[in-house]
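K.L.:
Single-letter residue listing:
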Amino acid sequence: MGRKLDPARKEKRGPGRKARKQRGAEVELARFLPPGKSRLSRPGGSAAAAGAGLPPDPPPVFPQNRRPAAGQPPRGRSGFSDDNSKLLAPAKAKKIPSKGNNMELSSDGEVEEGSWEMEEEEEDGSSDEMVDDYGASSSEEEELLPIEKAALKQKSDRGGLSEDDSEEEEEEEEEEEEAAAEEASRQKMGQKEEESTDLQLNLDIDEQFKLPTDEQIERETSPPDLHIIHQRIKGNMEVLQDFVVKREEGRTRQEYLALLRRDMAAYYSYSDFLLMKLMDIFPLPELINFLEANEVPRPVTIRTNTLKTRRRDLAQALINRGVNLDPLGKWSKTGLVIYDSSVPIGATPEYLAGHYMLQGASSLLPVMALAPQENERILDMCCAPGGKTSYIAQLMKNTGMILANDSNAERLRSVVGNLHRLGVTNAVVSNCDGRQFPKVCSCLLWGVLGGFDRVLLDAPCSGTGVISKDPAVKTNKDEKDILRCSHLQKELILSAIDSVNAASETGGYIVYCTCSIMVEENEWVVDYALKKRNVRLVATGLDFGKEGFTRFKDRRFHPSLKSTRRFYPHTHNMDGFFIAKFKKFSNAIPQEQKAATPSAVPDTVREPQTKKRKLEGSKVDKEQKPPQPALKKRRSLQAQRRPLKA
Amino acid sequence: MRPLTEAETRAVFEKLGRYIGENIQLLVDRPDGTYCFRLHRDRVYYLSEKLLKVAASIPRDSLVSLGTCFGKFTKTQKFRLSVTALDFLAPYAKYKVWVKPGSEQSFLYGNHVLKSGLGRITENTAQYQGVVVFSMADVPLGFGVAAKSTQECRKVDPMAIVVFHQADVGEYVRNEDTLT
Numbered sequence: 001m002g003r004k005l006d007p008a009r010k011e012k013r014g015p016g017r018k019a020r021k022q023r024g025a026e027v028e029l030a031r032f033l034p035p036g037k038s039r040l041s042r043p044g045g046s047a048a049a050a051g052a053g054l055p056p057d058p059p060p061v062f063p064q065n066r067r068p069a070a071g072q073p074p075r076g077r078s079g080f081s082d083d084n085s086k087l088l089a090p091a092k093a094k095k096i097p098s099k100g101n102n103m104e105l106s107s108d109g110e111v112e113e114g115s116w117e118m119e120e121e122e123e124d125g126s127s128d129e130m131v132d133d134y135g136a137s138s139s140e141e142e143e144l145l146p147i148e149k150a151a152l153k154q155k156s157d158r159g160g161l162s163e164d165d166s167e168e169e170e171e172e173e174e175e176e177e178e179a180a181a182e183e184a185s186r187q188k189m190g191q192k193e194e195e196s197t198d199l200q201l202n203l204d205i206d207e208q209f210k211l212p213t214d215e216q217i218e219r220e221t222s223p224p225d226l227h228i229i230h231q232r233i234k235g236n237m238e239v240l241q242d243f244v245v246k247r248e249e250g251r252t253r254q255e256y257l258a259l260l261r262r263d264m265a266a267y268y269s270y271s272d273f274l275l276m277k278l279m280d281i282f283p284l285p286e287l288i289n290f291l292e293a294n295e296v297p298r299p300v301t302i303r304t305n306t307l308k309t310r311r312r313d314l315a316q317a318l319i320n321r322g323v324n325l326d327p328l329g330k331w332s333k334t335g336l337v338i339y340d341s342s343v344p345i346g347a348t349p350e351y352l353a354g355h356y357m358l359q360g361a362s363s364l365l366p367v368m369a370l371a372p373q374e375n376e377r378i379l380d381m382c383c384a385p386g387g388k389t390s391y392i393a394q395l396m397k398n399t400g401m402i403l404a405n406d407s408n409a410e411r412l413r414s415v416v417g418n419l420h421r422l423g424v425t426n427a428v429v430s431n432c433d434g435r436q437f438p439k440v441c442s443c444l445l446w447g448v449l450g451g452f453d454r455v456l457l458d459a460p461c462s463g464t465g466v467i468s469k470d471p472a473v474k475t476n477k478d479e480k481d482i483l484r485c486s487h488l489q490k491e492l493i494l495s496a497i498d499s500v501n502a503a504s505e506t507g508g509y510i511v512y513c514t515c516s517i518m519v520e521e522n523e524w525v526v527d528y529a530l531k532k533r534n535v536r537l538v539a540t541g542l543d544f545g546k547e548g549f550t551r552f553k554d555r556r557f558h559p560s561l562k563s564t565r566r567f568y569p570h571t572h573n574m575d576g577f578f579i580a581k582f583k584k585f586s587n588a589i590p591q592e593q594k595a596a597t598p599s600a601v602p603d604t605v606r607e608p609q610t611k612k613r614k615l616e617g618s619k620v621d622k623e624q625k626p627p628q629p630a631l632k633k634r635r636s637l638q639a640q641r642r643p644l645k646a
Numbered sequence: 001m002r003p004l005t006e007a008e009t010r011a012v013f014e015k016l017g018r019y020i021g022e023n024i025q026l027l028v029d030r031p032d033g034t035y036c037f038r039l040h041r042d043r044v045y046y047l048s049e050k051l052l053k054v055a056a057s058i059p060r061d062s063l064v065s066l067g068t069c070f071g072k073f074t075k076t077q078k079f080r081l082s083v084t085a086l087d088f089l090a091p092y093a094k095y096k097v098w099v100k101p102g103s104e105q106s107f108l109y110g111n112h113v114l115k116s117g118l119g120r121i122t123e124n125t126a127q128y129q130g131v132v133v134f135s136m137a138d139v140p141l142g143f144g145v146a147a148k149s150t151q152e153c154r155k156v157d158p159m160a161i162v163v164f165h166q167a168d169v170g171e172y173v174r175n176e177d178t179l180t
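These protein sequence lines map, in sequence, to chains A and B. Using UniProt numbering, read the first sequence as starting at 1 and increasing by one per residue. Using UniProt numbering, read the second sequence as starting at 1 and increasing by one per residue.
Only chain B is shown next, with the shape it has when bound in the complex (with noise of 0.2 Å):
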């Protein structure tokens, strides 16, 4: 477990900036402590101070996950969020994207948001931007980026994509083992 280098930060923030903008200092500066990142074995992981102790105390083979997994970077050094930061995201998200009931299985099964299913999405969005998925209840159901602005989804047909599919909750049970 070591703390992120520069690049690393750069890289992380950077992505979470996508979706929550400048919220990232909400994440850091908490009212009930100061959270950090560190990375271990290529995961990045959010945790607050008080477990650092306890984490750097056990051995580096035995430590399995610490706090919240973010995501973790590829062989190429390229940063990919996975869908345990959901929590994080979901309440600080900028542009978010509400689902139908009917189409929420389908993006839950880790297809595409068509139009079809799309029920609201957020004023001025623009396209390849950074989207958190909700249901029409408001629970958060994973994030995406936005295949049209919102000018364009009002216009296309209803089999078009409006939303790419990056990450949903679905993976918990499909892909239980690959989180770790």
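Only chain A is shown next, with the shape it has when bound in the complex (with noise of 0.2 Å):
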């Protein structure tokens, strides 16, 4: 997203690294404006050196600034990629005629970073609304008589700068949310002929960002115009960063936040409720970060499969055929990120041939997390369409028995491909439904076999975090949806701890993961099961990532969530995961809050959290409080089993 620069000019170059880049854009356009002008797009400088004052009438200038502008790179924003540019473009461009006001004021030849650097951060709220109202004006015939009528206004008014004026202006002036953005703007350019006061002048401004009253919304006119609501976005967080500051007066913050819901709804398509759930779980900034990174897809990756070829190899091979590949990281040893291929990676002879696997990385992850050993019982609940399954069973060796398990038909056809595909001879296939395990394996499995060594739970969920690969998760999900997956994935795991022998000699470990970021489907899950089970949380093994959360709104989790993995696509640049890994102590389930055996430990530790469970704690007697009564009934089988305590 460069500017269009013209290769046969070649500018002269001053010192610094601001002038080698925008130096040339002035000078290009200088080729587009009235000569007098040409000082309007200087970049760098000082703010608050004296400089000339503003040339004559600024607003006739501006419009004709906007089209050679619109080719300007974007500076050193942050939080917007490259890829993003091209979105943001339109908008980047409508801010330079407002960078290129400021440009004029400083001193000839002289570029200063550091103080460009400061406006350009200070005032970037102010300077957007500023942008707006020009973004407005060019897509409303009907502002061109506001924006002439302020910058009369202006000129008239250009010693003084109070609040007061504006908003009475504003009132005056009927139309949609750009009265605020244009009355800012006046007062920007009010502003920047003062000079001296700058900074405050800058905390005046940014205090503009006045809150569309309900009425102003509604005139709304659909559809929203994409760059007002974009600068509004983040006019908004300016404020919201710095509420007491800049807020206005008579209005709470919960009109910010709705308004600013509202925009970032409109602005990126998400329901309201995925909203409202993604603003509870990131601040502000990394919410927009998070929101953009999932506009972006994330790098192809795949998997070497060491059964058959080393990783060193394969990346020769591929490098052969035209790909464009590099290591994934220190941490793995056998993801590779293909960045651009001429072949489709998906079809040459070395996938074909069972080579590597299209896997994303954070698929990687919960594998290795798991660390399967050699000649180990392994189940994987969930294990369509066969990428961990996989690679739990590369990592053995083709040793041991890996057993493979999803609930639904048509996507097991893949694992089965991708198994035979990849040389996987330690593999059984089947179709059960992950909350039967216990029942499947409890008479043969246990007693024969004796369970389980570890068990990868790779529940289904949401898909929060994949939202860049299936864009449609973005508005069709709402809370029945949430729960009805929360609670399968309960169900889910309590079967996979039931089906752990917690007396292997290398494992009783389980994996559970999900590709969400909500926490009701992971930290919630985890408590639940800890709270269910005689299992306890472990380090996973990787050592990048968030911790996952151990308090949230109203809910407070076991302290050992701290040891469960978060990741996220705008920190690790791999789909949204949660890892969480337990260990299983003890083969006994837990009636109702028994205090006695080895559930004990877990009840002390988990005492302080309510004191409900303090009490029952102490109790030996076992209770029959049913709180699950369909639970109870599954276990049932288990119960009969053990002696009841009178």
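Hints in this document: simulated from the structure, not taken from any laboratory. Misleading hints may appear alongside valid ones.
[Said to hold, decoys possible] Listing some non-contacts, in silico: residues in chain B with all C-beta distances to chain A over 12 Å:
1. T5
2. R18
3. S116
4. V145
5. E152
6. D157
[Unchecked claim] Pairs of lysine-lysine residues, derived as DSSO-like cross-links and limited to a Cα-Cα distance of at most 27 Å, are as follows:
7. K308(A) <-> K94(B)
8. K583(A) <-> K53(B)
9. K50(B) <-> K583(A)
10. K308(A) <-> K96(B)
Keep in mind it's a predicted model, so treat the numbers as computed, not measured. For glycine and all other residues, C-beta sits at the position ideal for the given N, C-alpha and C.
Join the two chains into one complex using the hints; note that each chain is given alone, in its own frame.
P.N.:
Given below as structure tokens:
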């Protein structure tokens, strides 16, 4: 997204990094502007430097500026990758006139990067408002009149800067939300001329992000103008970051948040419900990064099949075919990331021969956490399409036994295909419901084989971590879906725990993972498992990734949840993921909050959490309180085997 | 899931023998344990005995695949070897054919191998002998039947078929649904 530089004209380059970039642009613009206005596009320069006065009438100049400046590159804006600059270029372009306005006041030939940056940071919100104004003017004819009105007004009250004036002006004008931006921009222009009280004026200006009243919102035309909304989001965020200072009198934080939510929902196409959930999880600047990251796909990654080849050889073979690749990172010995390729990655002879598997980087993590050893018995409860199962098999070097299960028969075909292609010989594929596993295994497996050594549960989830792969998730998930997923996950995790043999010499581990970032599906389920079974959380062995939450809104989770890991698209550049690793230390299934025997340990640890638990922790008698009758029924088989305590 | 009957075993071994000859013994008696064949829904699976117990405990309707599928019995009880057995045929193959890089793709699309694409061929391959097809980098691509003996291959014109295609790894992508 560069400026359209004419390569034939080599501009004289002065000292300084910015000079090299912007000086050229200035000269470019000089072609379009009337000779006297060429100073407008000069970059950098101390805002505080006393400079020439504002050119006679800025407003007529800006529309002209907009077109040539449309090619200007974004200037070091944080949070937006180059991929997004296409989306944002028009906004940036509109920004330029405002910058131009500032620039012209700098001393000639001088570039002060520091002050320029500072200027940019501080006046981000406000300059956006000003830009907003011109954005509006470009889209709606009737705005020209207010603009010209504004320019004339500003010229007249150049000396004074008062919010009262601005608000009066705003009240006079009756239109959409651009009013706020407009008068803020007017203020801005006046302020630039002052120069001396720059910082203070900036603060004043930022306060000028005025919440549009409800009537103004209603009067908003549809389809919404995305540029305006984007500017409003930025302005709103500015205010919310420094709320005490920048807030508007009489407006609550809730109103700002409500507007922000509405705008983000419109701009990024999310449902309001999902956005509310996301706002609970992420702080605001991170939320923007997350939303932006979801617009862009994650890089394509492959995993070498070490049963058939080595990463080195595979990389060489693919490079010979014309694929641009790199090792995935220090944390993976088998991963490769594909930058671009002249052949379809899913159809090379190496792929067909089973030398590698197309797999997301985040899917390598749960298997690394599981750390299957050779000659173990592993259960993969939700295995489709078979990437993790085959990774487990390759780590075990085709020894031992893997039971790959999935409840969806359609998707099992890809599992079988992948396992055969990759040369996995120690897998049995089954099509059972994961919740049946204790029953299926109990009689024969437990009796004859004694349960599994490790279980991997990649639970079906709402998919909020993989929005970049499936944008439909933005709108089709609501409260019911999340709770339904959560319920299913809770059932599955109990089954998974029941299928593991705690007394196994090498194992006794369960890894629970989802590709979701919702707390209801992650920490809540893990906490539920901790309460219901004799398991404890252990370190996943992954040294990167964000720790899971130990408290969220009004819920408090077990402190050991710090050992779980969360991965986000915007911080780790892989799909959103959550991983938790349990160790089962006893095969006994605790009856409802029974204190004695092995469950005493987790009880005492968890006692501080709820009073209820404290009371029951001390009791020896078993209380026949059935919070989950269905669960009890399913466990009745095991319960009968255990002598009842009187 | 049940063990193979006499007749079925004979059919399977005979088919396998066409490609790997007497090396079938190596398939059954392996250093890392005994392997066996089992029949499930007309498909023949090759698996280690360790898997047998687990596979046996899964309800028959839920069982989808065990170990490696070698092929299936057709409705008229003929045994058809599938590409999924390639990993076991390739190391023990007695007669091999190497294909030039240019016609790799063509073979992977399911076409026969022409003389123009033939890189190397094992000496004294008889006509209609089962062969395993490799790429020049020794990557197994599939298997087929030699249409011409080695001697004839030297004499025949470039457009003649030298290997009839029977199965290739491209089927993993083309016929993913019919593998199971």
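K.L.:
Compare the structure with each hint and give your call.
P.N.:
Hint-by-hint comparison with the structure:
1. Even its closest Cβ contact with chain A, about 22 Å, leaves T5(B) beyond 12 Å, as expected for a residue assigned away from the interface.
2. Distance to chain A confirms R18(B) as a non-interface residue, since its nearest Cβ pair spans about 21 Å, more than 12 Å.
3. Chain A leaves S116(B) outside its interface by the beta-carbon criterion, the shortest separation being 19 Å against a cut-off of 12 Å.
4. Every CB of chain A is more than 12 Å from the CB of V145(B) (nearest about 21 Å), matching its label as outside the interface.
5. Every beta carbon of chain A lies more than 12 Å from that of E152(B), the smallest distance being close to 28 Å; the non-interface claim holds.
6. Once the 12 Å rule is applied to beta carbons, D157(B) is consistent with being away from chain A; the minimum gap is 27 Å.
7. Taking the CA atoms of K308(A) and K94(B), the gap is near 21 Å; set against the 27 Å cutoff, the hint holds.
8. For the proposed pair K583(A) and K53(B), the alpha carbon gap of about 26 Å is at most 27 Å, so the pair holds.
9. This hinted pair checks out: K50(B) and K583(A) have alpha carbons roughly 25 Å apart, not beyond 27 Å.
10. Using a Cα cut-off of 27 Å, the hinted pair K308(A) and K96(B) holds, with the two alpha carbons roughly 19 Å apart.
Checked against the numbered hints above, the structure violates none of them.
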